[in-house]
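Q: Here's the letter readout for the chains.
Protein chains: 2
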Amino acid sequence: MKESPKYPNRCVIILSGGMDSTTLLYKILQEKKEVYALSFNYGQKHKKELEYAKKTCQSLKISHKIIELNSLTNAGLFGQSSLTSSETVPEGHYAAENMKSTVVPNRNMIMLSMAVAYAISLDCGAVFYGAHAGDHAIYPDCRPIFVERMQLAAEVCHYFPVQIIAPYLHQNKGDIVAEGTKLGVNYAQTWTCYKGGEKACGKCGSCTERLEAFKQNGIQDPLPYE
Amino acid sequence: MKESPKYPNRCVIILSGGMDSTTLLYKILQEKKEVYALSFNYGQKHKKELEYAKKTCQSLKISHKIIELNSLTNAGLFGQSSLTSSETVPEGHYAAENMKSTVVPNRNMIMLSMAVAYAISLDCGAVFYGAHAGDHAIYPDCRPIFVERMQLAAEVCHYFPVQIIAPYLHQNKGDIVAEGTKLGVNYAQTWTCYKGGEKACGKCGSCTERLEAFKQNGIQDPLPYE
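As you go down the protein sequences, you meet chains A and B in turn. Residue numbers are given in this note's numbering: position 96 of the first sequence equals residue 97, and the series is strictly consecutive. Residue numbers are given in this note's numbering: position 167 of the second sequence equals residue 168, and the series is strictly consecutive.
No wet-lab data here; the hints were simulated from the structure. Treat the hints loosely; a few may be bogus.
Since copy identity is lost for identical chains, a pair holds within one copy or between any two.
No more than 30 Å apart at the CA atoms, straight line, and that leaves these computed lysine-lysine pairs for DSS-like [as the list claims (entries may be wrong)]:
id : residue 1 : residue 2
1  : Lys34     : Lys101
2  : Lys196    : Lys46
3  : Lys34     : Lys200
4  : Lys101    : Lys7
Let's have the full structure, built from the sequences with the hints guiding it.
A: What follows is the structure, encoded as structure tokens:
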């Protein structure tokens, strides 16, 4: 069963269009990897993030695919998350109990499984994934234990092992902004707000965390807010 | 993070329409579970199996959904499997090297991830999965080590653990036919052949294994063959 992928320098990245995965993209491009970006449309209210992902890939001249998962949302697989239903997106910090409504059931396992499939079909053995420490409090499928178990599963899903690489798993969003600033990330070209309006709301859990990350670094967030 | 699902007797089953998952369906219905069946259309040549899955669920009066994954196939995520491309489906036993062309990259992780999402949205904690010992030789993502690692990941992907239950993991197809016969499974309503023609070909790896399983039990397969 032991084999090696044909293209060891090639990799897939799960790119939401937010600041974490975009920073990770800049990081691996600096490492001279041949990158294939993958985004997902699962009916999220903030699907605007996909336009940001697309523009980033265009300006960095890398391959980008958006996978349509509306069939899953329509079939009811994602249940009643406030990110995909008519329910109101809650405001405040991630840790609060009411933020649970933003959980999209098993979304990360689904995205990882597809990114791993894509890596195999590209004959490469690496998937980069921007999960970070700030997410843990509320999202079960961002915790290190979940990512570690998915890493073990991906190692045995094919004839050669696929590595799921999550460099930010034990870092917070402030650390990511610090690294991204050094890497020259264009944060005006990243979208974070869950509400997906014309301007970022500045109040949802996602905006709250983003604004704190910039503040922690003494940097002005270049995105326009309401 | 510890919670329990609201409906402990409810479960999801991945139902291909083949004999293994159909037998498993009969088995769990006998155990009086409330069953939600899930099938996948990933552009397989033998998508005829989905019609069989549909008929089985209709006759057993259980919920059934078919998830369309053609967007993944069209995006190239499943690469060049002979099950989804113009490449010829090979004939002979599964163990042979040329059967590797029938591998659909990471298909099982993708299907399991969606079944787990469905279980969470149904507020239940069990996914039944018909992987069996005969598949191991050629399919990496049917081996016990893969299924066991996915089980560990599913246990931590949500606020309550989701169990992936694969009762046939260490049994072969002959054992499954033996159990199914006792359960009264209607094998004329199951489809196995990879070629998906009007009648089963009797020569592909999947047919070869099916025919041997019936022979092992001294039973005539009720399906018409070419």
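Q: Any hints this thing doesn't respect? Which numbers, in order?
A: The structure conflicts with hint 3 only, although it agrees with all the remaining ones.
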